[in-house]
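S.K.: Taking the working numbering, the leading residue of the sequence shown gets 243, the next gets one more, and so forth.
Worth flagging that the hints you see were computed from the coordinates, not collected in a lab.
A portion of the hints provided could be inaccurate.
Stated by the list, open to error - Simulated crosslink set (DMTMM-like; lysine to aspartate or glutamate; CA at most 20 Å straight-line):
#1 559 - 415
#2 287 - 468
#3 319 - 415
#4 287 - 415
#5 388 - 558
#6 464 - 391
No experiment lies behind these values; they were computed from the predicted model shown.
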Amino acid sequence: MTIERSLGFSRRLKTFLFVFGPAWIVMIADVDAPSIITAGESGAKFGYHMIFILLALIIPLFFIQEASGRLGLATGKGLAGVIRDNYSRRVAVFAALPMFVTDFLTYVAEYTGIAVGLGVLGISPFISLPIAFILHSTLVFTGSYKKTERILIGISAVLLLSYILDLILVKPDLTRVAASITPFQPYFQPSFAFMVAANVGAVIMPWMLFYQTGAVAEKGLKSVHERFERFETLLGAVVSEILMVVIVIVSDPLGQIDFLSPTSLANFLAPVAGRFALVLFGIGLAAAGFLALAVISLASTWGIAEALSWRARIGEKFSLARNFYVIYLVETLPAVLIPLFSKDLVKLMLDLMVVFVFVLAVPAILQGLISSNKQLMGRHVIKGWWRVIYWIMLSIVLLSGVLAIPTLLS
């Protein structure tokens, strides 16, 4: 019996390791440069008050992204392709285009994060950003999705390790952290409500839906992998939000500083936790920016390519998937230039996180409708209380954006 259990566990572990990738990558990439800045601003302005909100966001993050993985498993296609097949090409383009347009601002933010993170190490953005662009551009020419995925998992490990070590060096007051985990927070304070919406936008972004469905389809995962994909989604949701909490805690002692200035970070973080903590913060920020840059551009390119019925597989000959490769290579190029000359993008990043709540609406609603279609989804259809929770969570996410509109426009 012990041998049978051992073989059973070994088989399950082997299957999980095969499945592992799409959900984990999209969740850790979600902790990108704008998300780190958002969490940093939350910690600097409101201390530990945002921790409860971030932990609560595990629930909508899991249910919305679980539907993305489920959709990819059931159809073998990306979200835009499924929308195109079940509605029309026009609707698919309508769902993907706002993401494609707003992603340009995200690319600016990611390149800025890379520039600031490596700037902490003394590397000029005139060196770091061209190198980042070249590495990003060559990523899809690794020969296969699996090779690309391994690289992205490695970068996610660097990001995770950097901020865990930073937390240890900062030595937080754990009693105070525990006391802050309460639902009673200053929600009606306009600036706090705006930061709540910014954190909601930071945790569930439209490109995440397109990436997870596209990556599941690209990897060739099947119905038999459903429970492993669901567990991976849950694991990624928990780890990514704990990582956001870690960044809030690390940022709490810093006060009102400019998170996009290497000098400002050096002046405030190094005295608090030492030079090594500063280096770790910089490495983590740069890793987050690069990971998200790759994942978002893949999601965006998959979305547009599938909506327009273009071939869109990593590893295909350039001549067969020319449009896919050209969009991936070209769309981030203008964004690499702006951080070289811009001084302050914090307000832009925070506003962008709130805007993302509204950009999420169309693809997330269509995803919910398609995932509830038994004829299309078969045994993977979301139903009963699971479907109810999906729509409740999505409604809460969208409502947070609506409540932040007055502060966004002020």
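S.K.: Now, for every hint given, state plainly whether the structure supports it.
M.R.: Evaluation of the provided hints:
no., hint, in the structure
1, 559 - 415, "violated (55 Å)"
2, 287 - 468, "violated (41 Å)"
3, 319 - 415, "violated (47 Å)"
4, 287 - 415, "holds (17 Å)"
5, 388 - 558, "holds (13 Å)"
6, 464 - 391, "holds (18 Å)"
Hint compliance for this structure: hints 1, 2, 3 are broken, all remaining hints hold.
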